[in-house]
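With the hints as constraints, model all of the structure from the sequences given.
Taken in order, these protein sequences are the chains called A and B.
Quick note: the first sequence, position 196, residue 196 per our numbering, numbers continuous.
Quick note: the second sequence, position 36, residue 36 per our numbering, numbers continuous.
Any given hint might turn out to be false.
DSS-like cross-link-like pairs, simulated, lysine-lysine; straight-line CA separation at most 25 Å [unchecked claim]:
#1 B/K124 - A/K3
#2 B/K178 - A/K3
#3 B/K178 - B/K124
By construction, these hints were calculated from the structure, which means they are not laboratory data.
Each chain, written out:
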Amino acid sequence: MNKLPPTAAGVLEQARRADREHRIDVERALVALHTSLPVATADLPLPGQAGPSTSATGSLPPAGAVTHVSGKALFGGKAAKLFLATAVAGMIGGGALWGFGTNERTVRSGAGAVSGQGAIAAVPSGAGARVAHTGPDASAVRALSGLAGPGLDEVHADSSAQRGPVRPAALADAASHAAHAAPAGGAIKAAAQLEGSARRAPGRPVRVAPRVAPLLASAQREGAEPAQAAVSARDSADTAGAQPASDMAQAAPVPPQPAAHAVESESELDLIDAALTSLREGQGTRALSLLEIHGARYPTGKFAMERQGLRVLALCALGRVEEGRAARRAFLRAVRDAPIVARVRRACDEEQ
Amino acid sequence: MREVGSFWLSEDRDTGPGVPPEAVTRAEFDAFYRAHADFVWRSLRRLCVREEALDDALQEVFIVVHRRFHELRRGPTERAWLFAIAQRVASGQRRWVRRKGHALPLREELAASAQSPLESAMRKQASDLVQEFLRELDEPRRAAFVASELEQMTGAEAHAALGVNQNTLYARLSSARKAFVAFLEARGVIEPSAKEEP
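Quick look at the structure:
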């Protein structure tokens, strides 16, 4: 076979070198890619998960509900340091928390301490975790029902915007019930025990929260006794298994809660990645909250564009079509072409 | 069934809903992406995907990769497998009428480059020249030239990537090389009267 003359080969070599001088912004490309992968790609179990068992297919029980967020990290060693809040909510009288949006059920649950020393909920903000003192039980209930003070606004804000049948009263009942069901001085129930006693089909997968779950879970104030803390968290459908309130009496010791600095250590990409994962798992509310946190922390960050795009997708996935379309218009005005644009362009149209 | 990469990529499986892939961890997939994204992007560009469509094409390739990850044969043929997918995507992309505009390209220039401005200019000129040549080339010869000359795949790799037998591959490559020399002569890079002997 003929060979190239040296000059021609030299031109090719120069071209090869020029090619190698370009690099892709891999992380941004990956965010865009995972945004575009089909929903069915829940077949991408995350490291640390027990296989493709994260599908949110649980059914809501007629009476009572217990949710939990386990402390298992998803993304390997670094995130394994993070511990997640554990939360328990009992529902009274067949009350149920049911979800909103397309395929999401978000349950905000809480377990109040009965020591009467007040509940403490720490909520991440742009500057890190913020600690909000509330009053005794009543305040704990108020906080858990989404009516808490400013310290809870960030995480709970999206609750009020939900279209679904959010029932603050039910949430308050749940929190109240949880508070009284817990033994005096007792600890918040551990997820592991709840899993064992939940009215869940044997072998049913246990949901694992993403590594930034501490961002969404209220952590107890540093130095506070576990029994003095009301920890609120949210979870998604597949953990919304039935749970008699009495099961909460089988409390396990509370694992160490994440400190504020653990929250602050999450990188910009971690937040975007977690929002993306939440979105793909059908947890639009969680995704929105993560995006809000990202926006507060990295308003002009590297992934600001992706944040706006994912926000459109999350709003549309939640059925908040008007908001979603408005956000989409704004996004498409600012970003004409980028890997995520095609997906955003279809949002709110294909969801309908 | 297409000729391109035909022994790996059957038409029905590549365009249909697909067989549910075997479990692949996100870490595994992301690691694979990080290892090969530049190669795929480069290949797509050399396969004459339009600049403004490159990022979409890259994404499309890896969506296919994700769907077919279970078919991946680890080892030296990984690039060939990817190239076959990239070639198919490039074929499709070239037919598209794409929207204009490009706000945030994925590629980034390396910040620290040791080359002088002159070297940089020479490389860019060479790169543009090669790109111009590739645009003029027909698709089969272009793929052979990109795989063998630019990506410097071995004969076996290129054979696997292109899905053609060795004789066909060599014939296309030989023809492409002649065309390249003729192209350089026409551009005055090689003096026609003073052809270099290989």
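Hint check results:
no.: 1; hint: B/K124 - A/K3; result: 24 Å, holds
no.: 2; hint: B/K178 - A/K3; result: 9 Å, holds
no.: 3; hint: B/K178 - B/K124; result: 23 Å, holds
The structure fails none of the hints (numbered hints given earlier).
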